[in-house]
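If you're matching them up, the sequences are chains A and B in order.
Sequential numbering from 1 applies to the first sequence in this note's numbering.
Sequential numbering from 419 applies to the second sequence in this note's numbering.
Be a bit skeptical, because a hint or two may be false.
Claimed, not checked - No farther apart than 27 Å at their CA atoms in a straight line, the calculated lysine-lysine pairs in the DSS-like style are these: (1) B/Lys539 / B/Lys463; (2) B/Lys429 / A/Lys342; (3) B/Lys691 / A/Lys262; (4) B/Lys429 / A/Lys341; (5) B/Lys679 / A/Lys262.
Hints in this document: simulated from the structure, not taken from any laboratory.
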Amino acid sequence: MISFEIPEKVRNTITLMTMVAENMMRPVARYFDDHEHEIPWDYINMMHDANKQMGGGGFVPSSDKPKKAEGEAPKKEGPRIGYQRLAYSAEVLSWGDTGLYLCSPVGLLGAAAVAATGTPEQKQRFLTRFGGDKPVLDAMALTESHAGSAMPAEVRTTAVRDGDSWVLNGEKIFVTAGHKALVDTQGFVVVWATIDPTAGRAGVRPFVVEAGTPGCTVTKLEHKLGIRASDTASVVFQDCRIPFGNILGSPEVEKKTTEGFKGAMATFDASRPMVAASALGVARATLELVKELLAQNGVTLRTGIPRSRMTNTEREVMDMEILLRSTWLLVLKSVWMMDEKKPNNLEASMGKVRAGDVVVRITQKAVELLGPLGYSRQNLLEKWFRDAKINDLYEGTGQINRLIIARRILDYGRRELA
Amino acid sequence: MFGFEPNEEQKMLVDSVQRYALNDLRAGAHDADEAGELPPALIEKGWELGVLQASIPEAYGGFGDRSAVTGVLAAEELGWGDLTAGLAVMAPAAYAIPILAAGTEEQKKALLPPVVEGEWKPFVSAYAEPNLDFYAGEMRTTAERKNGSYVLNGVKCMVPFADQAAGMLVYAALDGKTQGFLVPPKASGVRIGEREAWCGLNALPTHSLHLEGVKIPAEARLGGDAGHDPLPLIAATQAATSGLAIGLARAAYQYSLAYAKEREVMGIPIAQKQSIAFMLAEMATDIEAIRLLAWEAAWLLDEGRDAGQAALMAVLGAADCAMMVTDRAVQILGGHGYIREHPVERWMRNGRGVPNFPGLAMV
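For reference, chain A alone in the conformation it holds in the complex (with noise of 0.2 Å):
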């Protein structure tokens, strides 16, 4: 079947976290921009509250949540929209503010490693810490200072078996809200590490590393172009232990296959769609403030006419329309094939490439198009056009998921097109 038809359930989730991006995030979206590595508490605690409030599982999609207690009478199950339902979110609290939105207590990048590749168990002590007295954040430690493309496949961090634990070596930059996640509140990290550094990529595994854990240290928070509000941070992982059921995936090297680091790598089919939406919703921010910006001037812009007839600034607008349009259905249907549970892997990269792209280029046209008030930072555009590069950067750079894309499409492996 095809349709268009937005489920009543994620109509919900639409209202609501419009509600809180209209008044808890927009209101302070300028100060936390001027005020980097401030952290941003009242919205950290309102989200966890509201978290609660609707069932303390986090944002991660019900079908990956760990059963509540056997026996619960089965639920009359629905068609599964909870991936569809966590693009919203991301999406409309981006609209509120991208930087905050990546301080939201919900379970992000780190809690979707878990729900992709965990075991029951796994998902039941790391997942269900979301919903505890206070207020928790997660990471993803992937990037080192000498890759960042090229992971995971070049990861020099170590995890050597001892025992019943595994211990880790190595140093991580770029983990976004690395710092939150570890020092700030009692929440993880999940730090790609090899546990046998002749096996290449077959050796590489994600492992979930705690707050408080000795040997894992936050060395260096990042100052940076945008997303301020959000803490970029150095961990360094010196012999430090963690319990050998922290490893997520299978503990075993099949040197001959790629399988463990294939399952592992599910993770970025569930988050890239996530990184993709919450570019979009820095890119609908932008396109509505710019006409919003346009009427308050006096500036009126027709719709349904042909392009020859249009003004230079209704022709941006319409182009910017149709990229945000085309790329936000694209990101749907990837996260509707996660629900759906086919293959995605594809269509994830292609709404992340795409998003990036629109993002970056809406962004930008917007600060032209409105000239000095553009570019004034009496207005967010200025600051969304910094936000938004980001997009186009983490969570795989723009050329790396072209790489992937084109090796899909061309039926390629990393020999043929490297």
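Keeping the supplied structure of chain A fixed, place chain B upon it in accordance with the hints.
Relative to chain A, chain B alone:
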């Protein structure tokens, strides 16, 4: 509930159109383009797939209900096979769908069965006008009420099969509002111009249509005295055009991808170069995204909701997509892309015309 997968019935139809597109349209497109004409048997075979007939209820001679979504799915396959021949096959839809959607009961009963029963016949519509700022919402062709009749004046262009038309739906401005009028092709004051020549669409015979004081009875107004809302029809033809354009883009993308894997430069296939591979990745992504705009516009039409903005976005997006993708397809083939033995130059010529094609097909 969101859904991004055609249902079983739609899949079956798409399959059969796809076979026709591959075995007949694609196979015959080069020769048809060079010869400047379409074999009647080719059009008839496409007609027999029943895409339009399945959109017209039994009461009016067809065997199904209109679904713009299904129409867009079929249009993509036709556009993939050969947009030019696809427009010929779909030409009667641009006449019949408006009658179905906006006609009076009498008009539907009288006018639809002759279109859908039996073989393909040139029932066509006259929509575009030869002006650089043509806009379907403000036609320069006019209709005036005079003594219980309508009098039409103006010039239309790109009217397919105008010289042999069995019936014509002509759009004109009545008091500034676009309305459809059923004009007998032989009516007094109707003059069919010479066959037109375009950058592409070589095999599709189109003509200008000159209306000089053409008097038609009041019943010939689409929708009768009350007329009709033109916007859903404009949206429906934009959606159809989007589907065709996306099919054309997909054809060019797939052809250039296969070529890039075959063609070696300095010992390795050019597809193994990022400059080529990334172009292909962007082409694939654009097609994926823009297709959904066309689907959404069609879905809104089927739901009876306002599809105006969505359909305009779809057709503008699809036009850009077709141009970007076909240009790159030619580029990937290099000098060979410029040679008419390969289809990519034809797709590029046809692709450039997409913004002008609304009016030629309807879903």
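So which of the earlier hints does this model not fit? Every hint satisfied by this model.
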